[in-house]
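*Asks:* As a plain string of letters, each chain reads:
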Amino acid sequence: MSFPLLTATAVVPAVGAIATAALPAAKRTAAKWLALLFSLITFALALVVAFRFDPGAGAPFQLTESHAWIRDFGVRYELGVDGIAVALIALTTLLIPFIILAGWHDADPLEEATPNRRWRPTQGFFALILAVEAMVVLSFEATDVFLFYIFFEAMLIPMYFLIGGFGDRAGRDGEEEAAGRRSYAAVKFLLYNLAGGLIMLAAVIGLYAVTADQLGTGTFSLQQIVEARTAGTLNIGTGTERLLFLGFFFAFAVKAPLWPLHTWLPGAMGESTSPVAVLITAVVDKVGTFAMLRFCLQLFPEASSWATPVILVLALISIVYGALLAVAQRDIKRLIAYASISHFGFIILGIFAMTSQGQGGATLYMVNHGISTAALMLVAGFLISRRGSRLIADYGGVQKVAPVLAGTFLIGGLATLSLPGLAPFVSEFLVLVGTFTRYPVIGIIATLGIVLAALYVLVLYQRTMTGPVKAEVTNMPDLRVRELVVVAPLIALLLFLGVYPKPLTDLVNPAVQHTLSVVDKKDPKPTVQVNAVPGEGRHGHAANDQDVEAAK
Amino acid sequence: MNPVYYLYLAALLFTIGAAGVLIRRNAIVVFMCIELMLNACNLAFVTFSRMHGNLDGQIIAFFTMVVAAAEVVVGLAIIVSIFRTRHTASVDDASLMKL
Amino acid sequence: MENLIALLVAAPLVGAALLLCGGKRLDRTGHWIGTLLAVASFAVGVALFADMLGRSADHRAMHQYLFSWIPVGGFRADVAFQLDQLSMTFVLLITGVGSLIHIYSIGYMEHDERRRRFFGYLNLFLAAMLLLVLADNYLLLYVGWEGVGLASYLLIGFWQHKPSAATAAKKAFLVNRVGDMGLSIAIMLMFTTFGTFAFGPVLAATGATSEGKLTAIGLMLLLAACGKSAQVPLQSWLGDAMEGPTPVSALIHAATMVTAGVYLITRSGAVFNAAPDAQLAVVVVGAVTLLYGAIVGCAKDDIKKALAGSTMSQIGYMVLAAGLGPIGYAFAIMHLVTHGFFKAGLFLGAGSVMHGMNDEVDMRKYGGLRKYMPVTFLTFGLGYLAIIGFPGLSGFFSKDKIIEAAFAKGGTEGWILGGAALLGAAVTAFYMTRVMLMTFFGEKRWDPKETHPHESPKIMTVPMIVLAVGSVFAGGLFSINESFVTWLEPVTSFAHGHSPVSATTVTASTIVVLLLGVGTAWLMYGRKPVPALAPRGSLLTRAARRDLLQDDFNDLVFVRGGTHLTTTLVQLDRSLVDGAVNGTAASMGGLSSLLRRLQTGFVRSYAVQMLGGAAVLVAATLLMRGV
Amino acid sequence: MSSVASVHSLWTVAAGAPGKIPGPHIEYAQLSPTLIVLGAAVIGVLIEAFVPRAARYYSQLLLSLVALAAAFAAVIGLAAGGFGSSKAHIAAMGAIAVDGPALFLQGTILLVSLIAVFTFAERRLDPAAHGKRVDSFAAEAAAVPGGAAEQAAVKAGFTTTEVFPILLFAVGGMLVFPAANDLLTLFVALEVFSLPLYILCALARRQRLLSQEAAVKYFLLGAFSSAFLLFGVALLYGYAGTVTYAGIAEVVSDGAKQIDPALAGTMGNDALLLIGGALVLMGLLFKVGAVPFHMWTPDVYQGAPTPVTGFMAAATKVAAFGALLRLLYVVLPGLRWDWRPVLWGVAILTMLGGAVVAITQTDIKRLLAYSSIAHAGFILAGVIATSEDGVSSVLFYLGAYSFVTLGAFAVVTLVRDAGGEATQLSKWAGLGRRSPLVAAVFAVFLLAFAGIPLTSGFAGKFAVFKAAAQSGAGWLVVVGVISSAIAAFFYIRVIVLMFFNEPKADGPTVAVPSPLTTTAIAIGVTATLVLGLAPQYFLDLAGQAGVFVR
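Protein chains in written order, with our numbering: chain X, -12 to 539; chain C, -15 to 83; chain Z, -10 to 616; chain G, 2 to 551.
Next up, chain X with everything else stripped away, as it sits in the complex (with noise of 0.2 Å):
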């Protein structure tokens, strides 16, 4: 047994979190530097941890823990990591450092505010985002169906006093005003995603009570029950498991989130504040994605297919309609929640396509959708907190005032855009290409998206940062070196990941070939068959050939 790195990556911040919250109210600024200190020591154990793994290796999962927890529930503490994980934990442990920087003062008290021994906002924020981490990553880590579903309910729980106890300083009405809305934001996300996770939790003890049924020891272990599903001893009835399934996607819809079931994200990411914002839509949301990738299809593949055409369809919508209502929102942290809205459609697209184009491509829009979006957000809350507004009509011309800070903005927006050469391109036209191999209609529709993306930010960027300079906004600093500090390296991750995205496709690809070989699904061929390539530099193919490989 060797050390428990998986474990250590998740108690790390969880540890963190405790200490932190644990300091006194007066040690505001000692309670930062400690939280961004156990924030990096988790983004370092994250890169040993992708360095230990192994794409090439055979096992689905590696790094794996077992331990035995609750044996009357079939619950084992197991954790194991797959590409997509090991990707997925990488991006939460390298967002968190960049929220808690961006989020430095949000969480400082009032100045007017009477001091309160007892009351320590600052410790609690930084502490929550901590604990968020901590469980994020544990759900990443999961491979047993209850581990993963304690993590992803409990994780709301922080959340939901991150979203109400912490939002944009004043704003035009009072502060009353505001903490109402907060509340209310943050009352309708946890009802929300709790009752889709409850509506996931009979799914869970539905699961529990037939592989108790069929295996006569009930189990939760997502490996077991995929051998024995292929071996044959485990077949679960179609109705069954069509319900079983739709229990489980309702909650990943929900937290993903997929139109209808979208309404509380927008209110969440206007309501806090922008890195809480992030932490929402670059982290949180992702478990819900990921969970369809890792449970949904390699559980039910069956009704997973059976389900594919209508969950295209939602996703088709989710696209143009974020998209369309992004257009039309005067918040900008709102336009932005919708766009991510959009783009979670594309994520849910490219997963149902069933192609390895497709889910490899969803695999990298979770990641590169992840650093875009907090360096737009991020930047947007740098803007807005100069401002105290977020009503894109309140702002005109800051690109003449603040060079810099209109210029991360533009790249971030471009990178919303999925501009060619920035990270988030690889993964759209990938999940456009998966999709329009089996669905060429929905691909085509889908790439209306690309159009309606270009339209919301680029009219975001025109209205906030370009014409004549407004009143409010003339003597508004530039970015601040923390700031700076926060944007630069997302932009050049964007870069690079948009020139080079290699690393990461191979770390995703073998996963992606397991969940689609679990799900019984092969790449539709190309119709004409080209030979060899006249035109092709010979160093391509050594290069080219293990990708082939992969394919296989």
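What the hints contain is simulated information worked out from the structure, not anything from laboratory work. Any given hint could turn out to be false.
[Stated by the list, open to error] With a cut-off of at most 27 Å between alpha-carbon atoms, the simulated DSS-like pairs for lysine-lysine come out as follows:
#: 1; chain 1: X; residue 1: K512; chain 2: Z; residue 2: K517
#: 2; chain 1: X; residue 1: K489; chain 2: X; residue 2: K512
#: 3; chain 1: Z; residue 1: K438; chain 2: Z; residue 2: K354
#: 4; chain 1: Z; residue 1: K360; chain 2: Z; residue 2: K433
#: 5; chain 1: Z; residue 1: K433; chain 2: Z; residue 2: K517
#: 6; chain 1: Z; residue 1: K151; chain 2: X; residue 2: K509
#: 7; chain 1: X; residue 1: K457; chain 2: Z; residue 2: K433
#: 8; chain 1: Z; residue 1: K360; chain 2: Z; residue 2: K438
#: 9; chain 1: X; residue 1: K387; chain 2: Z; residue 2: K13
#: 10; chain 1: Z; residue 1: K151; chain 2: Z; residue 2: K13
#: 11; chain 1: X; residue 1: K387; chain 2: X; residue 2: K457
#: 12; chain 1: Z; residue 1: K438; chain 2: Z; residue 2: K517
#: 13; chain 1: X; residue 1: K509; chain 2: X; residue 2: K489
#: 14; chain 1: C; residue 1: K82; chain 2: G; residue 2: K428
#: 15; chain 1: G; residue 1: K133; chain 2: G; residue 2: K156
#: 16; chain 1: Z; residue 1: K517; chain 2: Z; residue 2: K360
#: 17; chain 1: X; residue 1: K457; chain 2: Z; residue 2: K151
#: 18; chain 1: Z; residue 1: K447; chain 2: Z; residue 2: K360
#: 19; chain 1: Z; residue 1: K517; chain 2: Z; residue 2: K354
#: 20; chain 1: Z; residue 1: K517; chain 2: X; residue 2: K387
#: 21; chain 1: Z; residue 1: K433; chain 2: Z; residue 2: K447
[What the hints assert, rightly or not] Incomplete in silico selection of chain X near chain Z, CB under 8 Å:
#: 22; residue: S53
#: 23; residue: G347
#: 24; residue: K387
#: 25; residue: V388
#: 26; residue: V438
#: 27; residue: A441
#: 28; residue: T453
#: 29; residue: P488
#: 30; residue: N496
Note that the Cβ used here is the ideal one computed from N, Cα and C, for glycine as well.
Dock chains C, Z and G against chain X, hints included.
*Replies:* Below, chains C, Z and G without anything else, positioned relative to chain X:
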């Protein structure tokens, strides 16, 4: 004469008692109705005991009486105390807590 | 040698990175760095060209594989370059003209405090454009394709404080995005059909593919081309794009970027050759646009807008030629190159005029400028002669060939296309003469007190002169025993068209229509003085001033309709989708306060309910048994 | 069935030859938990009679703690002695079962009561009256509130130390209730623990009117329901000719075979059986507070002194569900197909009803009352499973739930304003700002109620739903999760109130409790978290205790 009639009587008494509980306002009367129900039960016990030819029923009847007596003690205590505070024994007046 | 190819792209890319991230400390040297790297890229291009000439015709294509870009399953996109004669031509044009315009801009942007960024953008554009023409597969081409789009977006909106500029930039990007949709769909089609989208295999495999698929691919490519090359119906952005600084208009919106569409079609020749329907669509688009652009060009008083119109129509010629297939590709490219010279020259001239007239663009406020800025006048004049196809100058050779080829299409089609091309030539002659007269001849219509027209500095005039030289001789040079055609043939293949009318007749008629056009223009603008305020003008004129109501149409359909759609959707989202959720919650609350009523607080009512419950319980149990 | 035989022989002998009655054979050791508690209760009464006032509080407190601890030790001893599993059998001539479920429930009840005693004995919360520390019970229950007599009593510093023996009596009854193995014992035990509770309800120091009203309602309805239960017992007796579970079960299982024709009318008459069974069932459902027999719950929970409420909410449920389980599993297994559908209905009504009505509550105690109703519904889902898993899941749930409840009500006692406890929800606004710790603790309890993972509430809920699902009650589970979703709504509402609303200027203060309440709450929290994080050990306990002796 057929012991079953006693059962019918018991049932009748029980019903009367129950009806009384529903109809009467005065706590004391309500309480007496409950006692009536208990006694109906006793009657049933004794009858069945007779029919089965074993004594269990009769023994139970004694137990029931004892319990009823205890109930009276507690019940009256409560009713009296609330009567002293509110100067009324109507159960309908005791309806501060609702919804 | 072929390992140098990457350098072509790398040089300007490095420049862009340096200038955009370098910060203030590069403000004073920035423009030199930018120019230097552009020139460097040009030098590399020349070197490669020399090397290429050294080889035999069919071993000239070079290929450089850098790394595997996106490998996912059967999907393999590489970052690899392919430099054949076609690409080479473009590389020289882009880097050459590009370098010249860099130099010109040093002078033109001298007083702009954001000059460093301007050069950064220019370099970025060069890099993207070179990537576009060097890519060895469609996906990488797509990257360059959008890259130039981005650069053009940034440069059109360079003066962002002007709302008009910002809007124009946004419009350009959006319209292009529509085209990009076409390109991406085309790539997807290729992937599903061939399992790859590298030029080599795809173009090789066209024979084995159903015509329907190829037609689809062709049409999608055409859509892309329309977007980028401002062809009908996606031409609306080019006019507004003139909001950008004039060098930008010269480089991007005249010489290079807007011709990318022609490159795409020529490059995908194999596809179009096998898909006649697609080809027909191409020629139709070309013909329509060349007339459209010409007509618009006649009505504009803004010198740059007039030139923009002419750009459209000239590219229309190229597209038309490219649509004609093997008989046209070479000429399309040839006209593209010559056009690159004279149109760039014209724009730089216009820029120099504006430079001297403190940025006045309305030609009605010019007049008689020839003695104030002789060099500009001379270079502009040569460009003018070239574009109207004055015998012996570049335009003459290239355009004439296209008209011939158009007739050579044969049948009614041939007559229609040829006629359109001829008509276009006439109109071109008309509006260019109009520009010429209004700008440099007649009496001055500007107020000498405010404006002091003067010749531009050397750094601006030298590039103009070079371009002028190009626009004079390039055409002739290319046509000496069809050197250009033979040069391109290995890539584009070439077939002699058999035109129903002899070449000499065509040439003669072109010259005739040319004289007609010039004559009318002189009658209208040369003889009688030009009113400083535009007359109301005929219905056609007024329509032409508004780009033949194109924008009004877009505005009505897309902008208004779109806004309406989105706003209604927002309503629906709130009332319907979210309403359903909140409704459930509310109804729960209602139900709750309803059920609360049962809790009356009266013991007796409780007792009643209990009794009822008991009754139900008993009844249910009995029913279960059916007793 | 030895017990039946013995009983019968007893009666026949008695009928035959008087004077030669063999003394009944009682296994005192195995009944020791009950005996200890009841004995202590009697001593408590004597203390009230003979020990001077000043010393009563401490002596009573000591006595109760020792007694309960000893009883608990006895239970452990019995369990260790294997009476939970191998040596499980029926003691006291067939009257009382000593088996796994009985011992488990008795253990739980004893622990709960132990903690309850802590909260009963709390004397730091209410401001001292005339320099004397006072607890939450009336100075002199008999005195008219606000009357001269009461003022005198308060001045004299009287306190109702009788609560301790009364509590012990109730506990005694509760210990017997789930172990009762014949209907008579069941009825007697029911009354033995109900009557003391009626009294306890009336003893609040503040808001006597509500307290007394609660007592009256509870008493009248309780008596009413027990009358029904008794009638049911009578009918069952008529059906089987005996009241021992085993006896009835026998008659139920192999119908009416070897019975003399004379009794054909009654013996084995299914109508009697069904009606009787239904009525007994109703009596028990009343105690667990299941819809439609739940109306007393909110009023009584609200009116009773909060420590008593906590005790009732926790212990009564445990005892009542224990009895319900035994009745259904031992007496009526043969009738499963009759009562299961009925209970289905009841469970669904209870889950939904409790959850829905709770949404609009404005008083924290009432809110918790309705939540307890909803939870009764969840537990019923486990009861319906009719499998060993079902039993153990219910046992586990009861254990988990009772600690959460006690803790929650203990916290409620801390939040006070001028008028005593501030149970108005609106007054709890911004509590999280004032005293984050208390608010956080309460939040933990609420989350446990809501069944959020990593709390005991989730483990329990999962256990019962799992059992239900495995026994084919899938749709019940679906209803269950839906109602927990509804329930989540109002738990969250309280959390919002505490953390996201600005504290009101005249808001309540959080009293600093003595170690007594502190320990109570601490135990509650620990239990909640431990059973949430590592439930396996306790699941094993419950699992081993899953078999009823027949």
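*Asks:* Each hint: holds or not?
*Replies:* Verification of the hints:
Distance check on the hinted pair: X/K512 and Z/K517 sit about 70 Å apart at the alpha-carbon level, beyond 27 Å; violated. Simply put, X/K489 and X/K512 have alpha-carbon atoms about 23 Å apart, close enough for the 27 Å limit, and the pair holds. Proximity of Z/K438 to Z/K354 is assessed by CA-CA distance (about 14 Å); at most 27 Å being required, the pair is judged to hold. For the suggested pair Z/K360 and Z/K433, the alpha carbons sit about 11 Å apart, so the restraint of at most 27 Å is met.
Only pairs whose Cα atoms come within 27 Å are accepted, and Z/K433 paired with Z/K517 is accepted, the gap being roughly 13 Å. At most 27 Å may separate the alpha-carbon atoms for a hinted pair to count; Z/K151 and X/K509 exceed this at roughly 54 Å. Between the alpha carbons of X/K457 and Z/K433 the distance comes to roughly 40 Å, so the proposed pair goes past 27 Å and is violated. Distance restraint check for Z/K360 and Z/K438: the Cα-Cα separation of roughly 18 Å lies within the 27 Å cut-off, and the hinted pair is therefore satisfied.
With a C-alpha separation of about 15 Å, the suggested pairing of X/K387 with Z/K13 holds against the 27 Å cut-off. A hinted pair counts as satisfied when its Cα atoms are at most 27 Å apart, and Z/K151 with Z/K13 qualifies at roughly 23 Å. For the proposed pair X/K387 and X/K457, the alpha carbon gap of about 10 Å is at most 27 Å, so the pair holds. Among the hinted pairs, Z/K438 with Z/K517 is consistent with the structure: their alpha-carbon atoms are about 25 Å apart, no more than 27 Å.
A distance of roughly 22 Å separates the Cα atoms of X/K509 and X/K489; the hinted pair therefore holds under the 27 Å criterion. Note on C/K82 and G/K428: the hinted pairing holds, with a Cα-Cα distance of about 20 Å set against a maximum of 27 Å. Our distance criterion of 27 Å between C-alpha atoms is met by G/K133 and G/K156, whose separation comes to about 9 Å. With a C-alpha separation of about 20 Å, the suggested pair Z/K517 and Z/K360 falls inside the 27 Å cut-off, and the hint holds.
Our distance criterion of 27 Å between C-alpha atoms is met by X/K457 and Z/K151, whose separation comes to about 13 Å. For the given pair, Z/K447 sits about 17 Å from Z/K360 by alpha-carbon distance, which is consistent with the 27 Å threshold. Taken as a hint, the Z/K517 and Z/K354 pair is honoured in the structure, with Cα atoms around 16 Å apart against an allowance of 27 Å. Proposed proximity of Z/K517 and X/K387 is contradicted: the alpha carbons are some 47 Å apart, above 27 Å.
Only pairs whose Cα atoms come within 27 Å are accepted, and Z/K433 paired with Z/K447 is accepted, the gap being roughly 25 Å. Because the smallest distance between the Cβ of X/S53 and any Cβ of chain Z comes to about 31 Å, over 8 Å, the interface hint for this residue is violated. For X/G347, the interface hint holds, since its Cβ comes within 8 Å of a Cβ in chain Z; the closest pair sits about 4 Å apart. For X/K387, the interface hint holds, since its Cβ comes within 8 Å of a Cβ in chain Z; the closest pair sits about 6 Å apart.
Here the hint on X/V388 is broken, as its CB sits about 11 Å from the closest CB of chain Z, past 8 Å. Of the supplied interface hints, the one on X/V438 holds, with its beta-carbon coming within about 5 Å of a beta-carbon of chain Z, less than 8 Å. Interface hint status for X/A441: upheld, as the beta-carbon distance to the closest one in chain Z is roughly 4 Å, under 8 Å. Interface restraint check: X/T453 against chain Z, minimum CB-CB distance 4 Å, threshold 8 Å, status holds.
Taken as an interface hint, X/P488 checks out: its beta carbon lies about 6 Å from the nearest beta carbon of chain Z, inside 8 Å. Interface restraint check: X/N496 against chain Z, minimum CB-CB distance 6 Å, threshold 8 Å, status holds.
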